[in-house]
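S.K.: Chains as they are written, first to last, in numbering that gives the first Met the number 0: chain L, 0 to 261; chain W, 0 to 362.
Don't read these hints as lab results, they were simulated from the structure.
In this text, all values refer to a predicted model and were calculated from it rather than measured experimentally.
Positions of the beta carbon are idealized from the N, C-alpha and C atoms, including for glycine.
Watch out, some of these pointers could steer you wrong.
[Stated by the list, open to error] Taking lysine to any residue pairs in the SDA-like style, the calculated list, with each CA pair at most 20 Å apart, reads:
(1) W:130 to L:174
(2) W:74 to L:159
(3) W:107 to L:64
(4) W:129 to L:160
(5) W:74 to L:165
(6) W:130 to L:156
(7) W:347 to W:299
(8) W:74 to L:252
(9) W:130 to L:185
(10) W:74 to L:160
(11) L:170 to W:151
(12) W:130 to L:177
(13) W:130 to L:181
(14) W:130 to L:161
(15) W:74 to L:185
(16) W:181 to W:83
(17) W:177 to W:299
(18) L:170 to W:104
(19) W:74 to L:162
(20) L:170 to W:76
(21) W:167 to W:82
(22) W:74 to L:172
(23) W:130 to L:254
(24) W:74 to L:156
(25) W:130 to L:184
(26) W:167 to W:266
(27) W:130 to L:252
[Stated by the list, open to error] Which stretches of chain L does chain W cover? Using the computed rule of at least three CB atoms under 8 Å from a CB of chain W, they are:
(28) 158-164
(29) 168-174
(30) 181-187
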Amino acid sequence: MRHLTTALAATYAGLLYLFIFLPVIVLVLFSFQDGTLPVPPLNGLTLRWYEAIFADGKLMAALGNSLIVAILSSAVACILGFLAAYAFARYTLPASGLLRGLIVAPMTVSTLIIGLGLLSVLNLTGMRLSLLTVGIGHVVINLPLCFAIIYASMGGHQVNIERAARDLGAKDWQVTLLVTAPMLAPSILAAFFLSVTFSWDEFIVAFLLSRFDVTLPVEIWSMLRSGLDPRTNAIGSVVFLVSVAFLIIMELAVFRKTGKSS
Amino acid sequence: MTADVSIRNATKVFGAFRALDDVSLDIAAGEFIVLLGPSGCGKTTLLSILGGFIEPTSGTIAIGGRDMTHVSPAKRPTTTMFQDYALFPHMCLRDNVGFGLRMRGMGKAERYEKAFSYLDLVGLKASSAKKPHELSGGQRQRVALARALAVDPDVLLLDEPLGALDLKLRRQMQDELKAIQKRVGTTFVHVTHDQEEAMAIADRIVVMNKGRIEDVGTPASIYMRPRSLFSAGFMGEVNLLPAKVRGTAANETEVETALGRVALPASAFVSGMPATGHDVTLCIRPEHFRSANTATPTISLGRGRITDSAFFGTHHRCHVAADGLALTAHLPQTEAPEVGAELDLRLKADSIVVLQAGAGVGP
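Go ahead and model the full structure; you've got the sequences and the hints to work with.
M.R.: Here it is, written out as structure tokens:
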């Protein structure tokens, strides 16, 4: 009886993981398809689709754009999120709970709504759509997340540490730069890398707010309009690989740090 | 460096709560002062006011003759050693200790040299490249001390720094703190609720309760001649015996207690001589019931019966019933008190302290 339940549980877990990862496995597998259609049967393995995408200037430009937007928008979101979290954690502000709620509220709004809203605001201001506007959109999406992660890691025990720094003669900016920010480095890095992965494969806002220079997901989308092709699988695999790389960097950075400071 | 501290009529009100109520205190340069009292007595508030983290509602603070009441912590000649050490977790010990010097614009080479010398003072020079999380509690404690001393403060403020250590380590750190204080000569103001710790390290103890100073003096004078009931009770075990003044003769005053009339010398009345008919309280330390066989003049409170006894190593602690009163007596370790045995409640006249109701050090 016990063996049976264990077996059932294992089967259930296996099916669950298969359900989650099957699309990714299929995507990666058929990026090596030796043929023109990324569908079964698998005719053989080849790297020519990877050769094709790395030779594709438009695709590589989009990949570069994506990296720039992801890194810069995440950096801005982290700095703004840190400053907001610092204010809420260290000072008594009027209606603090309400204001904190308002900062994280955009997390619950769909990116489509945020994108459309930003589009109308940009039209009003007459700002031209570009990578800059995409970056602004990504800051709007990721700021609540960065704020929430950093705010959660700010505790009362750090107040005395900052107080000690001030007592030893540090000015406010020195306390922030030399003590508070390095002390919170694990959570700031976590917020940064998570925000990078979200920005990296964000489509809706990037699609709505860009025109000539586009990010990788938008470029992939326009590739898909001309039909299925193993090239889309290959570039999809690259996107997936980069996301995983960012997550691994985050885990290493964050867990090594927190492991040390505990 | 070192400096004297003068606190004048310091009061701090938080809403409806008077955390500090008209406190005045003078501390000499190079003194080791301990602020002692239960939690909520105002000792930490007073320390925070000295450090500049809290501004008093009224009153003034002067350090080395200069008014510091509204000066920020960074600009005061004080540093604070926090209860949780508050070390910078991302810096090695050398950078922790050198932080204050860096903020004062000292160059790297000179700063490191000074940081090493202070780490050496606390016996941690070999660990200078370690981070705080690699250290034990007692070692972190020492780093916090070195960091606070490295900037040559005139006054070092210590906020229950030994509270988190286990008993044995705490006793050891007390000795070290005292030795280091003697060596650097800085004025130390130390907050604690542990009266044994206070006695172990203080030049003078300031007993606080409910935002006011109850008693100030050397450990011996506070223990032997407490000037308030609170101070007598907080500094160790004490028997409080209510009495009424019956009359005053040349050098003696007769009081009536539940255990009979006794004549006490004038020196016993530490809070002033009360008028005939006033209520007073006799404070008797349990270890003073040991004078049965001595030749010096003694007074007798009659006889009592031992109801309970336990051996504490340095003494036997006995509960004694006498005319319906429950007393505590500490008998020498060489004696073997038996439950049910009678005890002669005799003690030296000069060991009794008599306090009037509401006694204490005035504002």
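S.K.: Mind listing which of the numbered hints don't hold for this structure, in increasing order?
M.R.: The structure breaks hints 3, 8, 15, 16, 17, 24, 26; every other hint is satisfied.
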